[in-house]
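A.B. asks: Protein chains in written order, with the working numbering: chain Z, 1 to 106; chain F, 1 to 326.
Calculated directly from the structure, the hints in this document are not laboratory data. All values reported here derive from a predicted model rather than from experimental measurement. Think of the CB as a built atom: it goes at the ideal place given N, C-alpha and C, for glycine as much as any other residue. Hints should not be assumed to be uniformly reliable.
[Stated by the list, open to error] Below, a list of computed lysine to any residue pairs in the SDA-like style, where the Cα atoms sit at most 20 angstroms apart:
1) Lys-239(F) <-> Leu-89(Z)
2) Lys-102(Z) <-> Gln-32(F)
3) Lys-102(Z) <-> His-312(F)
4) Lys-102(Z) <-> Pro-246(F)
5) Lys-102(Z) <-> Arg-323(F)
6) Lys-239(F) <-> Ala-324(F)
7) Lys-102(Z) <-> Arg-12(Z)
8) Lys-239(F) <-> Thr-80(F)
[As the list claims (entries may be wrong)] Here are the simulated distance ranges between beta carbons:
9) Thr-269(F) <-> Asp-6(Z): 55 to 61 angstroms
10) Met-65(F) <-> Gly-105(Z): 43 to 49 angstroms
11) Ala-50(Z) <-> Leu-26(F): 44 to 50 angstroms
12) Gln-191(F) <-> Gly-105(Z): 29 to 35 angstroms
13) Ile-91(F) <-> Leu-64(Z): 44 to 50 angstroms
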Amino acid sequence: MSDAADLLRTARSALLEKIVPDLAGPARFEALMAANAIAIALRSTPAALATLAAADEALGDAGLLVARIRAGGLDPGAPDHAAIRLALLACAEARCAISAPKALGA
Amino acid sequence: MDEERLASWLSAQAAAPVAIAMRERLSGGAIQQNWRLDVTRDGVAQSWVLRTDATATLAVSRSRMQEFALLRAAHLAGVTVPEPLFACDDIGVIGQPFFVMRRVGGSAAAHRVARAETLGGGRVALTQGLARELARVHSIRPPAPTLAFLGAPDPDPCGRFIRQMRAAFDSYPTPRPALEWGLRYLERVAQPATAIVLCHNDFRTGNYMVDDHAITGVLDWEFAAWGDPHEDIGWLCAKCWRFGGPGEVGGVGDRATFDAAYTEATGATVDPARVAWWMIAATIRWAVVAIAQAQRHSSGVEPGLELALTGHIVPELELDVMRACA
Chain Z
1 MSDAADLLRT ARSALLEKIV PDLAGPARFE ALMAANAIAI ALRSTPAALA
51 TLAAADEALG DAGLLVARIR AGGLDPGAPD HAAIRLALLA CAEARCAISA
101 PKALGA
Chain F
1 MDEERLASWL SAQAAAPVAI AMRERLSGGA IQQNWRLDVT RDGVAQSWVL
51 RTDATATLAV SRSRMQEFAL LRAAHLAGVT VPEPLFACDD IGVIGQPFFV
101 MRRVGGSAAA HRVARAETLG GGRVALTQGL ARELARVHSI RPPAPTLAFL
151 GAPDPDPCGR FIRQMRAAFD SYPTPRPALE WGLRYLERVA QPATAIVLCH
201 NDFRTGNYMV DDHAITGVLD WEFAAWGDPH EDIGWLCAKC WRFGGPGEVG
251 GVGDRATFDA AYTEATGATV DPARVAWWMI AATIRWAVVA IAQAQRHSSG
301 VEPGLELALT GHIVPELELD VMRACA
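Please put together the full structure from these sequences, using the hints given.
C.D. replies: Written out as structure tokens, the structure is:
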């Protein structure tokens, strides 16, 4: 684990174990959100970001892709339909790995 | 808030002396402010809620005067809502338009309600209650003279939804291919509306109050509009609105219970294909809102944790959409 990640992890533990228990109401909610934000930052490892970048690159220009989708050019039956669908799933999964790992069954 | 001015206005509306005994800000609602008002009306103790605008208003939601009209229509139709009492569009009283309704007991806390075994009379009774409330909402049909501000109903709710979402995406800086994929799928499989009715458009766990026995009040009418009844059912059943509860319907109960109670109350069948359509639509709609909220943070308009974290809800919504579309 890098120094930065270690510091983040330590800060998150401090929040949850030493600060949150003494808080109530909006301050508690804010502190829990801070802990959540740190967790997301911790999951933004170089490897996770590289996976995401690769998945995004596989899709090409997002604006062009959207235009093709809207025009119906990637509907079932189109040659790229299955491949693009898998690529979009891969992007969503790569983002969930950072933002919401529980969505992946983690 | 000038309490004297408010009390004097309330007394005029009530045609009886109203004295404010206690005023307390209630939690909940990023768009509106709710205040508990304990008063005496002609010496009799009453507990009311005053609802007004927060400083940041969302363009798509209704004004307080319109919300009051919706609450009154709902009340008349037998929907369990806090009884609407008075509405004020004069900003000279408290500085913003507002309305006053009777305070209801119970809790709307979404995670608590979704996971509770016994609230609302138990999961089965609560699910049936949700069906009956929606049935009564859907009994309100166009044309409704008191709801003229809703405009003429669009005969094609599916097409209208797709257009609205695409317009939203066009206004955002970053394209969203996964959500657009979902919209194109919806466009391909869209069916005509079964009926055009009043839809609540935010009927979900977290927006109704419940006590140990029953639903005590359906809240947050500011998004109501004419539409297909399946819009509301889809929103209620969407995966993103289950708050950790085990049931498909609002996290609370199962579809069979809901559908049977809804059909009994309305005479209309719930079409599973249309519910599935509007569940995907619900996910996309919530994603569109979440993206806008995240942008308020990232653009610097309103930096903060809650809005920043809202952006991190979107990937899971995109995954749900991709998985749901063939």
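A.B. asks: Compare the structure with each hint and give your call.
C.D. replies: Each hint tested on the structure:
no. : hint                                          : result
1   : Lys-239(F) <-> Leu-89(Z)                      : 18 angstroms, holds
2   : Lys-102(Z) <-> Gln-32(F)                      : 32 angstroms, violated
3   : Lys-102(Z) <-> His-312(F)                     : 13 angstroms, holds
4   : Lys-102(Z) <-> Pro-246(F)                     : 16 angstroms, holds
5   : Lys-102(Z) <-> Arg-323(F)                     : 15 angstroms, holds
6   : Lys-239(F) <-> Ala-324(F)                     : 11 angstroms, holds
7   : Lys-102(Z) <-> Arg-12(Z)                      : 19 angstroms, holds
8   : Lys-239(F) <-> Thr-80(F)                      : 25 angstroms, violated
9   : Thr-269(F) <-> Asp-6(Z): 55 to 61 angstroms   : 58 angstroms, holds
10  : Met-65(F) <-> Gly-105(Z): 43 to 49 angstroms  : 47 angstroms, holds
11  : Ala-50(Z) <-> Leu-26(F): 44 to 50 angstroms   : 47 angstroms, holds
12  : Gln-191(F) <-> Gly-105(Z): 29 to 35 angstroms : 32 angstroms, holds
13  : Ile-91(F) <-> Leu-64(Z): 44 to 50 angstroms   : 48 angstroms, holds
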